[in-house]
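Chemist: Chain by chain, the residues run as shown.
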Amino acid sequence: MALTHPYATADRTTWQIVGIPLNPLEPFTALWRHRSLIRGLVKREIQSQHKGTLLGIVWLVVQPLMLLTVYTFVFATAFRPHVVDEDASKATYALMVFTGLILYTVFAETIGRAPRLMSSNKTFIKQIIFPIEILPAVVIGAALVKAVVSFVLLIAAYFIFIGVPTVTAITILLVVPPLLFLTTGLAWFISSLSVFIRDCAPAITVLVRLLLFLCPVFYSIEAIGYPYRYLILANPVSTCVILSKQALFKDQWPSPTHVAIYWVVSLFVLWFGYAWFTKTRKAFADVM
Amino acid sequence: MSCEPPAISVRGLTKAYQIYNKPIDRLKQMLWHGRKTYYREFLAVKGVDLDVARGETVGIVGRNGSGKSTLLKMICGTLPPTTGTIDVRGRIAPMLALGAGFNAEFTGRENVMLNATIFGMSEREIADCFPRIVEFADIGDFIDHPVKLYSSGMTARLAFAVAIHLKPDVLVIDEILAVGDDAFKRKCARSPRADQGARCHDSVCLALGPEDH
Ligand SMILES: Nc1ncnc2c1ncn2[C@@H]1O[C@H](COP(=O)(O)OP(=O)(O)O)[C@@H](O)[C@H]1O
Ligand SMILES: [Mg+2]
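The listed protein sequences correspond, in order, to chains A and B. Note that the numbering used here gives residue 107 to position 107 of the first sequence, counting from 1, and the numbers run on in steps of one. Note that the numbering used here gives residue 1087 to position 87 of the second sequence, counting from 1, and the numbers run on in steps of one.
A few of these clues could be false.
Said to hold, decoys possible - Which stretches of chain B does chain A cover? Using the computed rule of at least three CB atoms under 8 Å from a CB of chain A, they are: (1) 1017 to 1023; (2) 1078 to 1089; (3) 1112 to 1121; (4) 1133 to 1140.
The hints are simulated quantities; they were obtained by calculation from the structure and are not laboratory data. Yeah, the Cβ is synthetic: ideal placement off N, Cα and C, and Gly gets one too.
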């Protein structure tokens, strides 16, 4: 796949073809087209995070392992807030927190990077021909690789402390993709908006911290009464965290309506983020 | 006289830079759809017609600020023109700024891989031409050191080595070769067709023909 102009058709290029993607599959085809480049950049992104460290790539496993140990210790022994699940054992509670954090971290890492994603890749925008729309996907891809490593450790700890997961655990595969769609869509939107509105960066930093507490990571959603529960459900990560915890720890199948709504909303956010990004990207060079 | 269409064909190309006081004005301009104007214009390139045939080399000469870089950016597709059309047949390798597309923290070797991937080469193709790129760049052990430790001449050597081995149909060079030393310029001169580029020291469009690879 050759890269010519950003709006190229085959190998002939004309600048007159500029449009908004109305096709809802467009975000997927755009990323699929550049899959080998995305794969290469994700690899590089992960390498660069451990560049110059003594342990190097080993940190990919050591870091979540240390976190898991710390969380299990802190939440299973020392500290236990009063708004937790009444019927959860201590070890279960610790692993539930870890589950929530894995999912939240994918969101937080991607969204936290989004405001500076374009300005830190200025040369890609101004000096070479590069499909900048893949940059959010690269960030989320790297976050996802780390999440998968953490998840494998989580399952290992699950076998040790709790036992064999119930069949409902497989519904994880149904509730995690919408989180990825939502996050990518928001990253497209935020990374573009921040080019024009520099205030996005500090605002997003605060928001990402705040949303962690508006997400049922440290507590269960049932412990929160209305109307505050709506506030928590408005957090894009919440649905995924709630349904994942239910599936992994409570032997509950997710409600099909909830899952359907989550998919529809997240696919819309994905498409909107992509459409906004494509519409505004040609103006990036004017203000960078 | 062949009737093959030109590799690069530019018609009525004009670039009026829009200068905004604040970045947010750019967004307002887009959302208001031109009902109000938030920018000042600066005309950098006006009405350029240009054809570059396959195998031809065109050097662009002019005073500082006369719009050479602007023209080349538009040809490469990194800058949208205000009016006019650009047709480019085939793949372009742009060398628009020193170190563009290089990540300073990574080694020369890693950057070669990165650039080749961005250009759309498969891993096999990269592995095939990698030794030739290293040999052409001729920067010794520094190929395994981070690019931030390179001199400008070394960065240019590596960038040029990558660009010509990607086998582009069109090579666009802006000023980059000027920082190379005489030995490197002589070497570029031995590389087919790139010789004109090395001599001009400035903005060049090379439309490479099949005999150049
Ligand atoms: N992003 C920009 N916004 C406004 N004016 C610009 C921008 N880039 C270049 N210019 C102006 O356009 C003119 C042409 O610049 P350039 O193409 O870089 O000239 P050169 O021929 O030296 O390469 C210069 O007067 C420069 O100030
Ligand atoms: Mg110039």
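Chemist: Could you run down the list of hints and mark each one as holding or not?
Modeler: Here's how the hints hold up against the structure:
1. 1017 to 1023: holds (count 4)
2. 1078 to 1089: holds (count 9)
3. 1112 to 1121: Answer holds; 6 residues pass the 8 Å Cβ test.
4. 1133 to 1140: Answer violated; 0 residues pass the 8 Å Cβ test.
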